[in-house]
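Fit chain Z to the supplied structure of chain C, relying on the hints for placement.
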Amino acid sequence: MSGWSTHTGLAIALDQENVDTDQLIPARFMSTPRSEGYGQFLLNDLRRDEQGRSRGEHPLNRHPEATVLVSRRNFGSGSSREAAVYALVDFGIRAVLAPSFGDIFASNAVNNGLLPARLSEDVIDQIITQLGDTVEPASVDLQAQTISLFGETLNFEIDPTWRQKLVNGWDDIDLTQAHADAISDYRTRRAKQQPWIFPAGDGAG
Amino acid sequence: MKPQTLLDKLWQEHEVKRRDDGASLLWVDRHLVHEGSHHAFAKLDARGMKVAEPSLTYGVADHYAPTRGAPASADIARMISTLEANATKHGITCFGLDDPRQGIVHVIGPEQGLTLPGMLVNCGDSHTSTHGAFGALAFGIGATEVAHVLATQTIWQKKPRSMRITINGQLGPGVGAKDIALAWISKLGADGARGHAIEYAGSTVRALSMESRMTLCNLSIEGGGRFGMIAPDQTTFDYVAGRPFAPTGDALGQALSSWSQLASSANAVFDREVEIDAADIAPIVTWGTTPEEALPITSTVPDLKTLSKEEAQKLGETLDYMGLRSGQSLSDIEVDQVFIGSCTNARIEDLREAATVLAGRKSKVPGLVSPGSKLVKAQAEAEGLDRIFTDAGLEWVGSGCSMCVAMNGDAVAPGKRCASTTNRNFRGRQGRGARTHLMSPAMVAAAAVNGRLSDVRPLLVGRDVA
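As you go down the protein sequences, you meet chains C and Z in turn. So that you can map any letter, position 8 of the first sequence is 8 in this note's numbering, and since no number is skipped, the others follow by simple counting. So that you can map any letter, position 276 of the second sequence is 481 in this note's numbering, and since no number is skipped, the others follow by simple counting.
Bound-form chain C, shown alone (with noise of 0.2 Å):
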C-alpha cells in the first residue's frame, strides 16, 4: 500500500446515519475475487433496483466521480468484513467524513488507505445541508490534519498512529517482523507460564 499526504476532490454527501457494513456491501457479493473489482458492489441494494438497473437519483450514481464521502453517525458498524472498504476504494472514494466510524471497520479503512476523518455532528450537518445534491471540491491534507470545503478549513479528529500510517503507507507485517525476537521470547515465556495454551505435544516452544 502507498502512503498519501494530501488528496483533493470532490466531496458528496450520503444523508444517512448508521451506514453499516451490510450496506456498503451486501454478504452475497463477498465470495467475488478482488480482482474483479468491489466498487460496483458498493452500496448496491440502494444504488441499484431488484432489476439491476441503476437509480439514478443516488448521489454516488448521480456524481460517481467523488472521492470524499460525508455521512452520519456510526458509519461503518457491524460485521468485520474489509469487503466494506474494497468497495469504497475501488469505487474511488479516499476519505469519509463522520462524526464516527465503526471501530472494526475504521482500522480496516486505515489497512487500505482509507481515511476514516472525525467532525463534529454540528460541522457534520452544517456540511451536509450545504452539499445538499450536489458536490463540492475537497482538499485534504493529512500532516495538518484539515479539510478545506466551502473556503473553510476544518480540522478533523484520527488517531496519531493511524494518520501516520496513512501518511507512509507502512504495512504492519514488515514492521513486526523486526520485532521477531520480542515475539520469540513472549512465546518461550507463555509455553513455560501457560502451558495448557499450547495444544498437546507443542508446549515447549
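Hint data in this document are derived by calculation from the structure and do not stem from the laboratory. Nothing here was measured: the structure is a model prediction, and the numbers come from that model. Treat the hints with care, as some may be off.
[As the list claims (entries may be wrong)] Below, a list of computed lysine-lysine pairs in the DSSO-like style, where the Cα atoms sit at most 27 Å apart:
id, chain 1, residue 1, chain 2, residue 2
1, Z, K579, Z, K567
2, Z, K207, Z, K364
3, Z, K294, Z, K255
4, Z, K579, C, K192
5, Z, K207, Z, K222
6, C, K192, Z, K514
7, Z, K392, Z, K248
8, C, K192, Z, K364
9, Z, K222, Z, K255
10, Z, K364, Z, K392
11, Z, K364, Z, K222
12, C, K192, Z, K567
Okay, now just chain Z, sitting in the frame of chain C:
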C-alpha cells in the same frame, strides 16, 4: 500498583511490546478462521509466507455452510473448498463440512475447549466478542489483520477504554440474555460502547449460564463494543473442564489457579459505568433497522406525529422499509416466517428455551431451526427437541451461519418479515428487502405460535422454565 480491571490484566498478560505512540503488539493464543479468510491467505501467498503458528490456528466452515444438502451454487462450494485447501496447505486443523465437530465458529470454539479463560482470541468476524464470556480478550478483526495474525501470531492494537455494565437483580420469567443486550443497546445506542471494552458484571450476570453469557458478550458489537467480557467463575470452570482441547490433570489445576485471578480488583476504576436493574427488563423485540431500535413487546412503534419534521422523515423511511405503521402495537405485527439459529442463539439452551414454548403447539408460519453445531444438533436430537420443532411444523436443518447472514443461500425473500434469534436487523442482512425483527429464542417461538410478534410470558404459564 493501581488496582487493575480485567481488561488491564488481560492486556498486560498479552503485551509483547508497546510502541511510543501507545500501540501494543499483542500475542494471539487462538486464531479462528472461516471461509472469509481467503483474502488473508492470498496476502500471505503473495508474500510467500507461511502460517507462523499452525497449531494455534483453527479453521471452520460456517458462513457458507449448506444447511440442506449440497452447497447452493458453485461459488459457495468454492468458498468452502478454498478454506479447506488453505488449511491443508498450511497444516491447520479444519472443522470442515464432513467433520462431526463442524458448526458456527463462536459455538465450536467454546464447545471444543479451544476457548479458555485468560486467552486472546482473534477471528475475522465481529462476533468474536462471544469468547469474552470466558474471561478472554476476544475481538473481531479485518482481512489485513487476519493476514498479520497468520504471519506473526500477533496483532497491533491500541488499548480501548474500559466500560462496566452492571446488571443486578432477578430477571423475570421469559426474560434472558438477549433481552439484557437489547435493553442496554436501545438505551445507549448502536455506538454506545464504541471505543470501549465492555465488562459485564453484577448478580444477574453471575447467575447466567455460560450459554447466556456468550449471548450477552456476542451482542457487544451491536452496541459498538469490539470487546465484551465476563470474569470467569465456577460456572466457567465447570463448563470448560472435560472439553476436548481443555487442560486436564495437573495442567488443569495450574490453569484454575491462574484463571481464578482473572477478575477486576474491587476498587478498580472504569472509564465508564452503566447500571441496569434486571427487574426493569421485559422481553424485547427490534422494530427498525438497527439493533438500537428495540422496545419491550408491550410497546408501540414510535409515533411520527410526536417527532420533529427531520426525525419523522428519517423514521418514516425506516417504517417504509419495515412495512410498519406509525404508532402500531408491536404485538399486532404479523410475521411470514421464523428463524432460530446463529452464533447469538443456537446453543443447546437456546433450543431448549424455544422448545419449551413450542412443545405441543403448532407454528402458524414456516421457519428454520439451525443448531449452532453438529454436536448441538446431536444433543438436541438425543433430548427429542428436533421432534418438538418438526411437530410444530418447523424445518430442522444443518449447522452454519445460515439465514443470519444469508451467504449460503438461506435467505428471507424481499418484503417478507422474519422473527429471528440473530444479531442484526440491518437492511438486507437476511436477504435483499428482508424485514428482520430480533428477539430471544423464546420470543421467536411465541411469534411462531401466534403468527405475529407476541409476548412469550402468557405462553410459559404452567410450563417448566429453566
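Open item on the list: Need the status of pair K207/Z, K364/Z: alpha-carbon distance at most 27 Å?
Closed with: The given pair, whose Cα atoms are some 17 Å apart, holds under the 27 Å limit.
- [ ] Quickly compare the C-alpha distance for K192/C and K364/Z to 27 Å and report which way the hint goes.
- [x] Roughly 26 Å between the alpha carbons, so the hint for K192/C and K364/Z holds.
Open item on the list: For K364/Z and K222/Z, compute the direct alpha-carbon distance and say whether it is at most 27 Å.
Closed with: holds (13 Å)
Task: Satisfaction of hint between K248/Z and K392/Z, Cα-Cα up to 27 Å - done: Measuring from Cα to Cα gives roughly 41 Å; hence the hint is violated.
Open item on the list: Just to be careful, I want the Cα atoms of K579/Z and K192/C compared with a cutoff of 27 Å; is the pair within it?
Closed with: violated (35 Å)
Open item on the list: Holds or violated: K579/Z and K567/Z, Cα atoms, limit 27 Å.
Closed with: holds (25 Å)
Open item on the list: For K364/Z and K392/Z, compute the direct alpha-carbon distance and say whether it is at most 27 Å.
Closed with: holds (25 Å)
Open item on the list: Hinted pair, alpha-carbon criterion (27 Å max): K222/Z, K255/Z. Please report holds or violated.
Closed with: Given that 27 Å is the threshold and the Cα spacing comes to 23 Å, the pair holds.
Open item on the list: For K192/C and K567/Z, compute the direct alpha-carbon distance and say whether it is at most 27 Å.
Closed with: violated (56 Å)
Open item on the list: Against the 27 Å threshold, does the CA-CA distance of K294/Z and K255/Z hold or violate the hint?
Closed with: The given pair, whose Cα atoms are some 9 Å apart, holds under the 27 Å limit.
Open item on the list: Does K222/Z sit within 27 Å of K207/Z, going by the straight-line distance between their CA atoms?
Closed with: The given pair, whose Cα atoms are some 20 Å apart, holds under the 27 Å limit.
Open item on the list: Does K514/Z sit within 27 Å of K192/C, going by the straight-line distance between their CA atoms?
Closed with: Since the Cα atoms of K192/C and K514/Z sit roughly 64 Å apart, the hinted pair is violated (cutoff 27 Å).
Against the hints set out earlier in the document, violations occur for numbers 4, 6, 7, 12.
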